[in-house]
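Peer 1: If you read the protein sequences in the order shown, they are chains B and E.
12 is the number of the first residue of the first sequence in my numbering; add one for each residue after it.
-1 is the number of the first residue of the second sequence in my numbering; add one for each residue after it.
Note that these hints are calculated values from the structure, not bench results.
Positions of the beta carbon are idealized from the N, C-alpha and C atoms, including for glycine.
Mixed in with the good hints, there may be bad ones.
[Claimed, not checked] With a straight-line Cα cutoff of 25 Å, these simulated DSS-like cross-link-like pairs (lysine-lysine) come out:
id: 1; chain 1: E; residue 1: Lys40; chain 2: E; residue 2: Lys21
id: 2; chain 1: B; residue 1: Lys341; chain 2: B; residue 2: Lys140
id: 3; chain 1: B; residue 1: Lys289; chain 2: B; residue 2: Lys255
id: 4; chain 1: E; residue 1: Lys21; chain 2: B; residue 2: Lys387
id: 5; chain 1: E; residue 1: Lys64; chain 2: B; residue 2: Lys403
id: 6; chain 1: E; residue 1: Lys64; chain 2: E; residue 2: Lys137
id: 7; chain 1: E; residue 1: Lys64; chain 2: E; residue 2: Lys46
id: 8; chain 1: E; residue 1: Lys46; chain 2: B; residue 2: Lys396
id: 9; chain 1: E; residue 1: Lys75; chain 2: B; residue 2: Lys102
id: 10; chain 1: E; residue 1: Lys99; chain 2: E; residue 2: Lys196
id: 11; chain 1: B; residue 1: Lys361; chain 2: B; residue 2: Lys403
id: 12; chain 1: B; residue 1: Lys341; chain 2: B; residue 2: Lys173
id: 13; chain 1: B; residue 1: Lys403; chain 2: E; residue 2: Lys75
id: 14; chain 1: B; residue 1: Lys341; chain 2: B; residue 2: Lys305
id: 15; chain 1: E; residue 1: Lys75; chain 2: E; residue 2: Lys220
id: 16; chain 1: B; residue 1: Lys102; chain 2: E; residue 2: Lys105
id: 17; chain 1: B; residue 1: Lys396; chain 2: B; residue 2: Lys140
id: 18; chain 1: B; residue 1: Lys102; chain 2: E; residue 2: Lys99
id: 19; chain 1: E; residue 1: Lys19; chain 2: B; residue 2: Lys387
id: 20; chain 1: B; residue 1: Lys262; chain 2: B; residue 2: Lys308
id: 21; chain 1: B; residue 1: Lys403; chain 2: E; residue 2: Lys92
id: 22; chain 1: B; residue 1: Lys403; chain 2: E; residue 2: Lys137
id: 23; chain 1: E; residue 1: Lys196; chain 2: B; residue 2: Lys403
id: 24; chain 1: B; residue 1: Lys361; chain 2: B; residue 2: Lys341
id: 25; chain 1: B; residue 1: Lys102; chain 2: E; residue 2: Lys92
id: 26; chain 1: B; residue 1: Lys387; chain 2: E; residue 2: Lys92
[Unchecked claim] Quick list of the computed label-pair ranges, beta carbon to beta carbon:
id: 27; chain 1: B; residue 1: Glu385; chain 2: E; residue 2: Ala49; range: 56 to 64 Å
id: 28; chain 1: E; residue 1: Trp5; chain 2: B; residue 2: Asn288; range: 53 to 61 Å
id: 29; chain 1: B; residue 1: Pro379; chain 2: E; residue 2: Ala41; range: 28 to 36 Å
id: 30; chain 1: E; residue 1: Trp5; chain 2: B; residue 2: Glu177; range: 27 to 35 Å
id: 31; chain 1: E; residue 1: His192; chain 2: B; residue 2: Ser225; range: 46 to 54 Å
id: 32; chain 1: B; residue 1: Glu224; chain 2: E; residue 2: Ala103; range: 54 to 62 Å
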Amino acid sequence: MALHRLNCRLPFRCTLRQTRPFHGSGCGHPLRAANQAAAPIESVRDVFRTSEGDPACHSEQHLGRFYTLQPAELRSLFPHGLPPRYQQQIKTFNEACLMVREPALDLIGCLKRADYTQPSLRYLLYGPKGSGKTLSLCHALHYCSSQGWLIVHIPDAHQWVKNCRELLSSSFNPSRLDQPIQAAQWLRNFRVTNEPFLSQIKTTERYVWSKRESTDAQRPLGELVEQGVLRVKSSSDVVGAVLKELRVQSKAGAFRMAVAVDGVNALWGRTTLRRTNKSPVAAEELTLVHNLRKMVKNDWHGGAIITTVTQTGSLYTPSSAYLPQELLGKEGFDALDPFIPVPVSVYSEKEFESCYQYYSNRRWIQHPHGRAEEGKRELDFLCGKNPSLMEKLCGFL
Amino acid sequence: RVFQVRWSRYNPYYLEPEADKEKYRIPESELSEEDREQRKLKALRPIKAAAPDLTSSVFNDPQISKFVNMMMQDGNKVLARSVITQTLESIKRKQVERYHKAPDAQKEEIECNPYTIFHKALENCKPVIGMVSVQKGGKYYQVKLCGSFNKACSIFNPPFFVQVPTPLTENRQRFLAMKWLITECRDNKHRRTHMYEKLSQELLAAFANEGNVVKRKHDLHKMAEANRAFAHYRWW
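Chain B with its partners taken away, still in its complex shape (with noise of 0.2 Å):
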């Protein structure tokens, strides 16, 4: 024990003065101290960070450390998917940091090992509120996007079932509603993230969108998606065709599909839209939500289904409700069941400590009592290690 001590002081030597030991007293493990020997092309003094951009090599020896994503991965992964005070920090920082967290990596840990002949699987990510959900998916998901998947992600499923200007009428099947334009925006980030697969997969039908406009089968998947970008009118009929044809054909083998959903009990909840006569609107009668609910069905296999249930941003659920059960609700519980549960915690004491030193090296942390002891501790109080109220603290701070 002694030992592994000795090993993990040594490189921290000259930093003891400016920050705490970073590995506290429990820090007796083995593989953790003989690889901080074994990589010394980290930087001493940036004890927070790690060079290992690819998430497929991350593992127990990076938790807690920052590693940074590349500018032009984030542009083409992430056009829509990130939470809004998050991009702010990546465009004040001049650059896009994620922790390596537990639930992340038992994802990718799971991802890695699944049999894709079966049906896939379902994970959902639940935790509460500002705990880091989303920024967990996204690290998911880019893992999945560095192995060369499909990706398909919805950023947040509560904005399809709330503040929608225009409704229109299914001409597909009268009874369900359209909506011509977030339909039409995701089609367009979909364009962004997917632009090597759209050449290569094809249709397999032939879909005809009015009396002049059809699309063939054996087409690229590419045109189906120009289609509903031009044509807004019948950009919801086209989601829901491109999602099937990914969902028939990720059958076949050709490629894996991650279908990762922000706020899956969006789908299953009430909606705050009404028709024109003033009569609500239940989830299932939009185009986009029944479609989504078919991808989310675990009826085909080549992929994994990530999903999120989030309380931010949903509609007539009281605030303090965080598990599945509470904000699924009966139906989407029987729906999505069975699903890999993955709790999301708060910071643990190490992730905080990794946090703040971040936060401080980024010149973030101005106020001169918040770089002492005291104002630590006093910042650990009151966010209580809450990742996203320690952001909101630390912004001002």
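Since chain B is already given, all that's left is putting chain E on it; use the hints.
Peer 2: Frame of chain B; chain E shown alone:
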């Protein structure tokens, strides 16, 4: 039920509350005579109820609290405080973004601490000298002279006011600086921008000695300089 005690008239016997933890940590030996007396008094005399915005937090700043109180409307302190925190955050964001994009040589010159920027901007907006209206002249009436002259002479001076330059106390200077900042942001900016955005722009300009508030301070100084001759009208 909560009874408002703080703003009622306290017996002068009561002492003010002290929230700063550091003051209590100083041992007996390092205190001066008056401080030792004060500590003994605190054990004996009753203490007034603490004001709602008095905290023992290390991040407490009395100037920021004053500014929050001045911005508050209809008693909505939560809103005023949130506007100020958003202002500080937006100042910090702009400065940190500039810091990270600047080349290494210029990094040292960029000030990122929103609190120092706020204090320095307030300093730059404080007027050194102010103006007070003093009444001069007054009504004089017709005076009839009796006797052989039989001529009435009348002197009629209507009352008029002159602006007289006066020194300002510390409190008055701080009040004027904050008031000008707030009115400038409320009145003279584009309607659709948020208050925190307007405030952050004005504070950053004042930090660099530019902007409308600093201009107003300079105008006041010039008027005081121009009315220098009337300074002897002041009798206090």
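Peer 1: Provide an ascending list of the numbers of those earlier hints which the structure does not satisfy.
Peer 2: Violated hints (numbers, rising): 3, 6, 8, 9, 15, 22, 24, 27, 30; every other hint is consistent with the structure.
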